[in-house]
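> Read top to bottom, the protein sequences are chains A and B.
Per this note's numbering: the first sequence = residues 2 to 176.
Per this note's numbering: the second sequence = residues 15 to 262.
Calculated from the structure, these hints are not laboratory results.
Each residue gets a CB set at the ideal place from its N, CA and C atoms; glycine is no exception.
Any given hint could turn out to be false.
These stretches of chain B come out as covered by chain A in the derived footprint (C-beta under 8 Å, 3 or more residues) [claimed, not checked]: (1) 198-206; (2) 219-228.
Just the calculated beta-carbon pair ranges, DEER-fashion [as the list claims (entries may be wrong)]: (3) A:Ala137 <-> B:Gly53: 19 to 25 Å; (4) A:Ala111 <-> B:Pro61: 20 to 26 Å; (5) A:Glu14 <-> B:Glu243: 52 to 58 Å; (6) B:Ala258 <-> A:Lys50: 42 to 48 Å; (7) A:Ala86 <-> B:Gly152: 49 to 55 Å.
If you only want the chain A side, here are some residues facing chain B, beta carbon under 7 Å, derived [what the hints assert, rightly or not]: (8) Thr35; (9) Pro91; (10) Thr115; (11) Asp118; (12) Arg122; (13) Leu125; (14) Arg126; (15) Leu128; (16) Arg129; (17) Ala131; (18) Leu136; (19) Glu138; (20) Ile151; (21) Leu159; (22) Leu162.
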Amino acid sequence: MQQEVVLAMLAKEPSHGYELRARLRDALGPLGETMNAGQIYVTLTRLEKAGLVTCERSTGSADRPDRKVYALTPNGQQRVAEWLAEVSWPKPDLAEFHLKLVAAAAAGLADPLTIVDTQRRELLRRLRDAQRAALAEPAGSDAGLLLEGIALRLQADLRWLEACEQNWTGRRSGP
Amino acid sequence: MTDGAGTSVLRARGLRKHYGHGEGLVRAVDGVDLDVAAGETLAVMGPSGCGKSTLLHLLGGLDRPSGGEVCVAGRRIDQIGEKALARMRRTAVGFVFQAFHLMDELTAVENVELAALLAGRSARAARRRATELLEQVGLADRATFLPSALSGGQRQRVAIARALSNEPLVVLADEPTGNLDSASTLDVLRLFESLHEAGQTLVIVSHDARVAATADRLISMRDGTFVDETRLTGGTSGKLGALAGLEG
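With these hints in hand, go ahead and build the complete structure from the sequences.
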């Protein structure tokens, strides 16, 4: 888990580790199920060492024994503000696939259209999974919105594969 | 693939539809074999002009083939008379179109019950069925609205209710989300999903991968023929997290 994500989840109020986990689970839905619980604590320890987070023991209660409460330091708050203002976007790795097609065709090693078909099948299966998960979420859920994003990206990738197919079909029937 | 006509709701063999002749001959559907099993959701995907809508019209008896066979529930429909064909369309098949095709001057419930009335049900039975169906598609509170007072997604749900009105063996949907925004598309897909779970046989034709991905099986169509078939069930769970930027 990225440090800034854990940091930002703390921005609402000082919290226990398990509360952070619950917030992440709500926001991620089925995608949060595979989350490693220990990872958050490792990240929190790192953040504490970096002076971005403080940690205090709460007195606890009968059902919730002594537990640590984490809070942002002023430096931590500043880091969250910076992170929120940053523009970052994961880069799709299209060049590798594109070069695969070009190289396969140039060397006559494989039919680019077969490669496109195989890729399309895999993306369609993923799209089906994402869509089923999205449809299972109640309308307006945070996790549903994330799944919608995955589905829209896969849809865009599939449209690009259509363009690949048309292009390589054209070349094959060409001179 | 399927063991006889008993489990095949729709079956086509060597199906062809050609328009024009000579230089201007268009092979819209050009020798297609297809079996749709009971309870299956099948998607046919392809670019516009690939022949997928024509195929759907042939399967539902809205259009006559130039050659080949079409069977609905084991019965050939490509050579039966107009009257028998019209009866088959009313009772065995439900259609859903991109442009909804609702009657503008009828309310939602009247649009839905019209199909049952045309199939010979009593006014009372037709109204009861239409009311049930509107409830099923989540529009019970819109029953007395005219289509013009409904959103695109709501209109399409009324059209789906109408398609279900005579408990068809198969629902044939032609670009059912083509005129809808993202949220309405999800509503319609959710509805198809619940029909699928209830055992309804569905054939959906679309150029939209999101719609196609709701199916059990996907056929890709180009220039009037099938070029690829993919079974989408038995997926890839676990990889979605990576797609969202989450590790393992």
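> What hints, given by number in increasing order, does this structure fail?
6, 7, 10, 19 and 22
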